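There are 2 protein chains.
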Amino acid sequence: MLNDPVFKGNPSLYVFLPMYYTVWCDAVLTPTEITTIHDLLEKQSWLTKEEKDFLYAQLDPGSPPAPEELKNWLEEIHKVANQSSADSKMGLAEMGLQLAKLHGANNRIPASAKKSLLEMEATLGVISGEATFSYNAAERKTITGQQATKASFDVARMAALLDGHQAELIGRVKTVISDPVFNYPEDVRLEEYRELTLKWCKLLADQGFGAQAYPEAFGGKDDMEGYFTIMEAISYRDLSMVIKFGVQFGLFGMSIYFLGTEKHHKKYLNKTGTLELPGCFAMTETGHGSNVKGILTTATYNHQDDTFTIHTPDEIARKEYIGNAALHGQMATVFAKLILKGKDYGVNAFLVPIRDEEGKTMKGVTIKDCGPKMGLNGVDNGVIYFNKVTIPKENMLDRFASVDEAGQFTSPIASDNRRFFTMLGTLVGGRIGIPRSANSASKSGLAIAIKYADQRRQFGPDHAPEVPILNYRTHQRRLMPLLATVYAQHFALQYLTQRFLNRTEDQMQEIEALAAGLKAFTTWNTTHTLQECREACGGKGYLAENRISALKNDTDVYTTFEGDNTVLMQLVAKSRLTEFKHEFSNINLFGILNYVASQAKTSLTELNPLVIRKTDENHLMDPEFHLSAFQYRERDILTSAARRLKKHLDSGMDSFDAFNQTQYHLVNVGHAFVERVVLEQFMAQVERTEDAQNKTILKKLCALFALSQIEKNKGWYLEHGYMEGVKTKAIRKLINKLCWEVRQDAVPLVEAFAIPDSCLAAPIALN
Amino acid sequence: MLNDPVFKGNPSLYVFLPMYYTVWCDAVLTPTEITTIHDLLEKQSWLTKEEKDFLYAQLDPGSPPAPEELKNWLEEIHKVANQSSADSKMGLAEMGLQLAKLHGANNRIPASAKKSLLEMEATLGVISGEATFSYNAAERKTITGQQATKASFDVARMAALLDGHQAELIGRVKTVISDPVFNYPEDVRLEEYRELTLKWCKLLADQGFGAQAYPEAFGGKDDMEGYFTIMEAISYRDLSMVIKFGVQFGLFGMSIYFLGTEKHHKKYLNKTGTLELPGCFAMTETGHGSNVKGILTTATYNHQDDTFTIHTPDEIARKEYIGNAALHGQMATVFAKLILKGKDYGVNAFLVPIRDEEGKTMKGVTIKDCGPKMGLNGVDNGVIYFNKVTIPKENMLDRFASVDEAGQFTSPIASDNRRFFTMLGTLVGGRIGIPRSANSASKSGLAIAIKYADQRRQFGPDHAPEVPILNYRTHQRRLMPLLATVYAQHFALQYLTQRFLNRTEDQMQEIEALAAGLKAFTTWNTTHTLQECREACGGKGYLAENRISALKNDTDVYTTFEGDNTVLMQLVAKSRLTEFKHEFSNINLFGILNYVASQAKTSLTELNPLVIRKTDENHLMDPEFHLSAFQYRERDILTSAARRLKKHLDSGMDSFDAFNQTQYHLVNVGHAFVERVVLEQFMAQVERTEDAQNKTILKKLCALFALSQIEKNKGWYLEHGYMEGVKTKAIRKLINKLCWEVRQDAVPLVEAFAIPDSCLAAPIALN
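Residue numbers (our numbering), protein chains in the order written: chain W, 133 to 899; chain S, 133 to 899.
Take these hints with a grain of salt, some might be off.
Since the list gives no way to pick one copy over another, a pair counts as held whenever it fits inside one copy or between any two copies.
Here are the simulated BS3-like pairs of lysine-lysine, each with C-alpha atoms no more than 25 angstroms apart in a straight line [unchecked claim]:
#  : residue 1 : residue 2
1  : Lys353    : Lys398
2  : Lys778    : Lys273
3  : Lys865    : Lys844
4  : Lys492    : Lys525
5  : Lys865    : Lys827
6  : Lys203    : Lys525
7  : Lys246    : Lys778
8  : Lys869    : Lys779
9  : Lys861    : Lys844
10 : Lys779    : Lys865
11 : Lys861    : Lys779
12 : Lys475    : Lys140
13 : Lys778    : Lys247
14 : Lys181    : Lys247
15 : Lys246    : Lys211
16 : Lys203    : Lys425
17 : Lys203    : Lys475
18 : Lys473    : Lys211
19 : Lys475    : Lys211
20 : Lys475    : Lys425
21 : Lys778    : Lys861
22 : Lys273    : Lys425
23 : Lys203    : Lys473
24 : Lys403    : Lys334
No lab work stands behind these hints: they were computed from the structure. This structure is a prediction, so every number in the text was calculated from the model and none was measured.
So here's chain W without its partners, still in its complex pose (with noise of 0.2 angstroms):
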């Protein structure tokens, strides 16, 4: 088009060179399009025929610029839209007008020239100044691309407020796993991996850190918090070690502790926690894992040689999953029925030597390998058989239960069921354990997550530098709400380790209660933050080196171990709806119902019609705002889960179905609950911050991790009535834009979680 003489001859041609420049370059030449371009030439009456049927040509979809020329079009317009500015906008028909007078056009273009061309790029949908954007070279600055991080509070104070009172301790754990000799291994072979891990719980407890719960005088330091603050710590390593450490340490020696009496103390403990005694904890069998009151293993006593013979029937009665089993284990403690003069007195526990100290396998025990594992390879899990495997009467550990001098079952617990529950109770720990590990590896994924985002740069506006993808609404979307939920959680199980550290018996319903419903709450939230850290990495996070595949993988089975997530739920549930009842049967809930629904008429006060739409921030951004909401929907899902399950039982349907009809609605109640002991946690963690930084940033964080909680549950709220959609739709807007704040505190968030380089090792996450 340049170059021919008809345009050459006429610079005032150039008025049209933008427009053609657009239709040309962008799209389909439509029908539509050139029709439209047609009925502006013809109304320009300026234009000889000549000039129209020149530029009619030049509109040929048959016939289209070569590449060449629009590349020189291009060039023309940069001459003027270079002026151009955001502040001073140019569309298409200012800047052919500008070129035209370049180019030494002067009179011939009549005013209303420039009319017609803004009308027609409103016809076809151009939009004028998005001209200055497309065509202007200079760099263009916009929100987005400015966004960045920008710390608003001290990392190192916010680190040490995370640890607390166990800095010294949680330091001396993170000098220790820094050493190479934890690294990662590549590539191995599950046989080497197992050796690896072994080796890795030995440096641990050379440490002393095995021991840590145990009683001074069997080799530990008495300090049980510093057990879970250790298996906190080293969650930011390899989480085979970390379970691996937990079977032998916690699973295993803790039954010894807390099952045992001071004969089993005396002569176990001090090598469980120097692992000379690698132990196994045997509970679970293939027909039974949540049901594991319905455990099938017996141990039978024989009064004329003071013996236990442990047994296991048939093959659902196998031990199954066992960690420590398939290679290291030389003792498990296994939970058989004990049965004495034909009688079943319940599920009680026993100490099996299942290996010597070469490593063979004991008379009558057999043990099969479970094999690769969607993730925790370095835990060697194992099947285990007992086929009437004699062992010492004194191998029982008998704190709860004993077998007299006479042969007789004794017990300061009357009955099976509360034996075996109240044993349970006592091992409670490892539903706290669990799930501080679950958050260190949410911690480490969304520190990879976060700080690649922070450099990762994918589109951006024209001519300028590509945007950090965590700039990007929807990747702030995606990670800050979960970046507030693990401070969340983070808070709520430091609550819930005091509560069990200061437990007292009458306590211990709540508190395993609490345990329960963390766990769940907790392992379920690592499942979905790893999910996200993975998908926001992309290709990245795909690669076995950047580790979220590992941590997502090793992760997966806490929901399921330490009690199936969905049951922990429903136990919760009933929990709450028996109160004051220590373990929970259907024979004495009903009751219960009635008090509960008779509190339901007076706990939940009216609604006012006033705070349902009241969109305000400061009411949307008021801790008491958030409180109340969670505890209006713990409340009434509480009383009416409770009115349901009454409203069946009175009409005379069976127990067991009625709390099947009731299911969906009691695990509602569990996390309705656990929901608002997180939130008030991280309130009161709020308030005793001294810190004004720290305050302010923890402060927004709560808020977000309220809302966010809020909007999840907003179907139910709205259903409900408690809020209309006004409001609800304010707290999306308010969310979106905490996540944008929020954004610029993301990097220092996650570096106050101070997790070794060493150890968090991703390379996306180390530049």
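Fit chain S to the given chain W structure using the hints.
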């Protein structure tokens, strides 16, 4: 107690035994309980002081009955409780009276005693009838326990419906992949696994499957539909094999087929289809994945010797994640910016030899291994660097652009941008093959989880067999909607395939949006489905032998490759906003916004106040209601996103910022569009189904899919006043009901996928 002379001497005291048993057995004996019983006893004037004192003494928490003693009490209770039944429920009071009678008590107990006992039961929170269940050893029949698999349709006829006219090919593929040579390897090293995967692909090529889509002249069958069918069917086997197959015959082969011209077809297609020439598709760079237009590799034309020089200018320009690159690829389709006489002509594609036939890397080519990944470890992904690698001019894939004899760049498409997106458009098939593969993986996961849940029993009513976990409401809630969704996606993907096969130029934009949206929807759903399946199978789901871990890990990257899902959903949204524009660009979007915004005023019908709270089942099950709800949401979200964008732009916001500001809504536009299409296609399938049984169950699944989606979005519907709380609650209830019903057909429904046992392989699914 039983042997105490006071008790023995007076059989009337048996009346208290069931009560005493219950309080001792079941819970901690609380002070309130003790007081309650004391009060009761106090009122019994027919008891002597000695008897009362004796009974008080039995309530001392400090001296519980011996476990043995408690067992004896239960034996006594069984004597009368076994006469009780679900029809004539006996409470503790009645049992006590009968027991007293049995032991010879006669006139001593006054009628008032029963009344007191009943009152006490209530006070203690014991529901009377429950005693029947707890103490009656007869088998308890419950609705939950009796629910079971019961097919309402013929599995073979459903399988035939799913396979349609591709049944013969599917059968052939299944026969091939059932050969033991395709068996899954165990704990295999990376190198072996990759060689095995190559071998599998060769075996598939030997069957002609690789070349299926290519023209007959070049060894193929000219059967594109067959190619997609093969991708779907082989996805019941190892997914590394599927992806390597897709890289070789899909990405690499199709790039030659669609971007090359006859000279390339003649020279390479035959060898590609037989896998004689293993190839790569080298588009993504370290620095540019989603924003692929921004890649930095250059192909500089040298006119003096008619060659191109392919070069990697810096580290972020290296080709990354390239399948087949680390080990086997000999040639790569490399996407690079064509530079001619110093000018950049945008991204074009070139065939570059990277290894010789012996596998030696070509001069100037450096290849690194991406190493272990989360999954798909049989695929040898690599990183490629080009250091001034020279290729002949004929290696340019020149369907859309070429350099002529005079050294001029020529193309029928003037704009570099438009040319590139046209090229990409021809490769949309990848976004059909991947979701079809993903849906097969979901089918496998659900087949495993559902068959297991139908067999696995856990918990149950007292004195009755444990219950299959698929009978539990929460378990049904987790799996049944996913099963319905997999069916929905099956039909939607069939539709997408047909649209692609019968495409015309002017439908391309719509088809591309459809493919992008369905790819994102289906692959996200696969991630979610397999996660649920893993958890639903508990510990068994974590064992590698049950294959859910491999399915999950292999498909995890499906949400990332062939376009990051979040980015794709935004593409869909932009396509919906521009509607008739071929390629999206900011500059000509905004007129369309006007168009959409003007539509908004008329398209949203007034909401009928009766309909928004209509809850009868006929209405809620009505497909018209479902589709209207989906359509309303789609239109409303689209127009409100358009309005938001326009508002920002009108206020002078930079368009890049305006898009970021609206990103959250744009992603929802994509979701709402895809959901509507999926529902429409499921409904269309129900309509055209002739077999009455198939039609009935598909109709039910379709309703379950629709209602589950509506429930997922209920927050939105309530927020927008499209439904009231009564209606969303009724929907929740109806979903529970549908889940309960579909559970009976669940196993037959997964059997209709007809996945060969050899492929399913999970021991838990093959019992």
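Hints, verified against the model:
1. Lys353 to Lys398: Within one copy only: 15 angstroms inside a chain, 77 angstroms across chains, cut-off 25 angstroms.
2. Lys778 to Lys273: between (63 angstroms within a copy, 20 angstroms between copies)
3. Lys865 to Lys844: both (14 angstroms within a copy, 20 angstroms between copies)
4. Lys492 to Lys525: within (23 angstroms within a copy, 69 angstroms between copies)
5. Lys865 to Lys827: Within one copy, since 23 angstroms is at most 25 angstroms while 44 angstroms is not.
6. Lys203 to Lys525: between (93 angstroms within a copy, 23 angstroms between copies)
7. Lys246 to Lys778: between (77 angstroms within a copy, 24 angstroms between copies)
8. Lys869 to Lys779: between (44 angstroms within a copy, 18 angstroms between copies)
9. Lys861 to Lys844: both (12 angstroms within a copy, 17 angstroms between copies)
10. Lys779 to Lys865: So Lys779 and Lys865 pass the 25 angstroms test across copies only (15 angstroms; inside, 40 angstroms).
11. Lys861 to Lys779: between (36 angstroms within a copy, 17 angstroms between copies)
12. Lys475 to Lys140: Classified as between; 24 angstroms across copies, 110 angstroms inside a copy.
13. Lys778 to Lys247: between (75 angstroms within a copy, 22 angstroms between copies)
14. Lys181 to Lys247: within (21 angstroms within a copy, 112 angstroms between copies)
15. Lys246 to Lys211: Within one copy only: 19 angstroms inside a chain, 103 angstroms across chains, cut-off 25 angstroms.
16. Lys203 to Lys425: between (78 angstroms within a copy, 17 angstroms between copies)
17. Lys203 to Lys475: Intra 94 angstroms, inter 9 angstroms, cutoff 25 angstroms: inter-copy only.
18. Lys473 to Lys211: between (103 angstroms within a copy, 21 angstroms between copies)
19. Lys475 to Lys211: Classified as between: cross-chain Cα gap 18 angstroms, same-chain 99 angstroms, threshold 25 angstroms.
20. Lys475 to Lys425: within (16 angstroms within a copy, 77 angstroms between copies)
21. Lys778 to Lys861: between (36 angstroms within a copy, 19 angstroms between copies)
22. Lys273 to Lys425: between (66 angstroms within a copy, 21 angstroms between copies)
23. Lys203 to Lys473: between (98 angstroms within a copy, 13 angstroms between copies)
24. Lys403 to Lys334: within (12 angstroms within a copy, 56 angstroms between copies)
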